[in-house]
Amino acid sequence: MGSGGLLQQLVEAVVVGNGAAAESLAAGALAEGAGAYQIIEEALIPAMNIVSGKYDRKEYYLPQMLISSDAFYAAFNKVKGGLSSEQAKGKGKVVIGVVEGDIHDIGKNLVKTVLEANGFICVDMGRDVPIEDYLDAVAEQTPDLLMLSTLMTPTMLSMKRTLDGLVEDGLRDSVMVAVGGGPISEEFRKKIGADFYGDNEKMALAWANETVNGKVA
Amino acid sequence: MEQMSPKERLYATLYRQEVDRIPVAQPLQTGTVELMESCGAFWPAVHSDPELMATLAYEAHAKIGFESVRVPFDVNVESEALGCILDYEKGSRKGLDIQPSVKTAPISNLEGLEATPDPDPHTTGRMPVVLEAIRLLRKRLPAEIPILSAVVGPFMVAGQIRGVDPFMRELMREPDFVTKVVEKAFRACLAYAQAQVEAGSDVVVIVDASASPDLISPAQFDAFAKPYTKDLSAGVSVPTILHICGRTKPSLAHMAECANGVSIDSLVPMREAREIVGERWRFVAT
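Taken in order, these protein sequences are the chains called B and S.
Heads up: the first sequence begins at 137 in our numbering, then just goes up one per residue.
Heads up: the second sequence begins at 362 in our numbering, then just goes up one per residue.
No lab work stands behind these hints: they were computed from the structure.
All C-beta atoms, glycine included, are put in the ideal place defined by N, C-alpha and C.
A couple of the hints might just be wrong.
To be verified - Label pairs and their calculated CB-CB ranges: (1) T393(S) to D192(B): 32 to 38 angstroms; (2) G426(S) to A156(B): 57 to 63 angstroms; (3) N336(B) to A504(S): 47 to 53 angstroms; (4) A224(B) to P579(S): 27 to 33 angstroms; (5) G596(S) to G301(B): 18 to 24 angstroms; (6) S366(S) to D331(B): 53 to 59 angstroms.
Given only the sequences and the hints, what does the whole structure look like? Please build it.
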């Protein structure tokens, strides 16, 4: 079988969340001569777009999304070593995390998976992350984008403090900041001086694409 | 003109009888920092001390005028009794304004699950603290003010003791194991809820945040959450209210089958909820 058939099977394996199959199909495609970049472009990105579409249409819920993400990473980790250094830089670098005091990271993980599936390099800070850690990450990693999430009302204050910290440390102009999560709104975004508010992973991806393209141009 | 006492009014609402006006009872926790300051009982100490817990619960009735009180103030009493290690000092204010959360989940496999003893609500963890707070409130409150006590739903407790991340994946990959974890949680929840009623609780509020359609599908809710919540509700002798967070619209009809009342949050417009629940309409709070 040529790598084309394997790539189609890989798409299906990711969509149904079969991690073992996704990993061996990715290895098989490499062995058949497909390039790492080609496997990502022709199988993994389309697969995660299908998964994300099913999630938006409520055909998939969190459990289905999680096992598809696992299958995506099983294949992605198999092939990413084969990316050229230029390709490995991706479209842009994103520091992403849940703010201090909040442990709800489902939305953040969803956004991260969709961004990685679409060629962004994500530095995942995790959840309940102290403000100082975000400031250090922005200073040291020099990301293009910073994405902050919270699901709870009390921790919206941590989001504001993180933005304030960026200003105080003179880092605010070095990075574009997006905020999201249940209680967040466009009004709140304006109030704390972030650049973008998004309600779902599709909006986050569209903004990330626009922002890095704008930078290049 | 008012003819009913707050407790009669709440009971009548939950049993779908006529009321003189809408009850102003609060099924969710009432621990605001302002109330803590006005009564001197602060989180996180409140969570482990029956006297402080009763004091803060009482304050919501005394100061705000809710026609009810509600204990406890967190959603990890059950999971802790089943072995979770909690962090009581989250955030920059050391737990003053953030509920305790699970630091480590105890269950990683079937052997571990089977080796975990069923909690005794009178002796295990903070269950006795909540029971004692209910008894204290029963003594201090006028008899006509209802005491609402919360028990976390078996599905949510199962996620807490297994860890939400692996639990959600196992829902797809190992449904038999998931069922066993939920059954374990169910036994603990039922014994604890019955002990709350014995201690003097008038209404049991079942909080099942992870059974939200924001997370799981209606089919998964039907298979892994609904039967246990329904049995839990049927297993206590007082009326129950089921609270599920998030955009619960797709589950409302199913939620209404589980308890006497349904509690939703502000993400669900009241009018739409009423249209869905219709004849089965009982009680909705935001």
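Range first: 32 to 38 angstroms. Now tell me if the beta carbons of T393(S) and D192(B) are that far apart. Distance hint for T393(S), D192(B) holds at roughly 36 angstroms.
Taking the beta carbons of G426(S) and A156(B), is their distance inside 57 to 63 angstroms? For G426(S) and A156(B) the Cβ distance comes to about 59 angstroms; the hint holds.
The hint says 18 to 24 angstroms between G596(S) and G301(B); measuring C-beta to C-beta, is that right? violated (50 angstroms)
Would you say the C-beta atoms of N336(B) and A504(S) sit inside 47 to 53 angstroms of each other? This hint holds: roughly 49 angstroms between Cβ atoms.
Satisfaction of the hinted span 53 to 59 angstroms by the C-beta atoms belonging to S366(S) and D331(B): Holds - the Cβ-Cβ distance for S366(S) and D331(B), about 54 angstroms, lies within 53 to 59 angstroms.
Does the Cβ pair A224(B), P579(S) satisfy 27 to 33 angstroms? With Cβ atoms ~41 angstroms apart, the hint is violated.
Hint violations for this structure: numbers 4, 5, all remaining hints satisfied.
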